[in-house]
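Q: Sequence:
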Amino acid sequence: MQKRFKESSEVKSRFLKENLPKLIELVKLVASAFEAGNKVFFFGNGGSAADAQHLAAEFVNRYVMDRPPLPAIALTTDTSILTSVSNDLSFTEIFSKQIRALGREGDVAIGISTSGNSANVTKAFEVAKEMGLKTVALTGNDGGVLAKIADISLVVSSTSTPRIQEAHILIGHVLCEMVEHRLFFKVNP
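Okay, so the sequence shown: first residue is 0 according to numbering that gives the first Met the number 0, each after it adds one.
Keep in mind that the hints were calculated from the coordinates and are not lab data. Predicted, not measured: the structure shown is a model, and the values here were computed from it. The C-beta atom is built at its ideal place from N, Cα and C for all residues, glycine as well. Hints may be right or wrong, so weigh each one.
[Unchecked claim] Derived Cβ-Cβ restraints for the label pairs, each shown as a range:
#	residue 1	residue 2	range
1	79	118	18 to 26 Å
2	49	79	18 to 26 Å
3	156	99	30 to 38 Å
4	158	56	27 to 35 Å
5	49	99	18 to 26 Å
6	118	23	25 to 33 Å
7	168	125	21 to 29 Å
8	24	61	32 to 40 Å
9	45	13	20 to 28 Å
10	56	105	16 to 24 Å
Turn these sequences into a full structure, and let the hints guide you.
A: Dropping the structure here:
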């Protein structure tokens, strides 16, 4: 048990050391998008889908402070859309189709994938870039394909899926908190 806590702590500390400037860049990107009236989309598969929903909820409702809602959308929640697109087209299209329908230039697409190689997240990034959205990858391992094509790539350098997922939700929580502070207290990250 102690070993797992130690591993988790080490992975998160290493991530911060390797990615602090990118994390600050992400906070500024998301805060600027909200200030400009744009939206943030979150998406991923499995545990990453749960993270997407969790983080969108933090922005829409609140994280640590009462404040106006912020326009964040998890593309993982509408089972009718997900199953329709999967059945009629392909599972690879489930997020890209929604980006095409809902995305606008200046929005931010945050794809979460522990491997960095999820085909449906990659396809969504391709469409998002064509449409003028900024793309952000939260990945693990070596970052995979997503790290190479994202505008901002945050790679948790670990091969342990549970440790990567733990880091991803911490990254998301820090993002929420810093965006709130930047928008509502005018504090830089």
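Q: All hints, please: hold or fail.
A: Quick rundown of the hints versus the structure:
1. 79 / 118: 18 to 26 Å: 22 Å, holds
2. 49 / 79: 18 to 26 Å: Because 19 Å falls inside the window, the suggested range holds.
3. 156 / 99: 30 to 38 Å: 33 Å, holds
4. 158 / 56: 27 to 35 Å: 29 Å, holds
5. 49 / 99: 18 to 26 Å: 24 Å, holds
6. 118 / 23: 25 to 33 Å: For residue 23 against residue 118, whose Cβ atoms are near 30 Å apart, the range 25 to 33 Å holds.
7. 168 / 125: 21 to 29 Å: 26 Å, holds
8. 24 / 61: 32 to 40 Å: 24 Å, violated
9. 45 / 13: 20 to 28 Å: Holds, since residue 45 and residue 13 (Cβ atoms, about 24 Å apart) stay within the stated range.
10. 56 / 105: 16 to 24 Å: Between residue 56 and residue 105, where Cβ atoms are some 22 Å apart, the hint holds.
The earlier numbered hint that this structure contradicts is number 8, and it is the only one.
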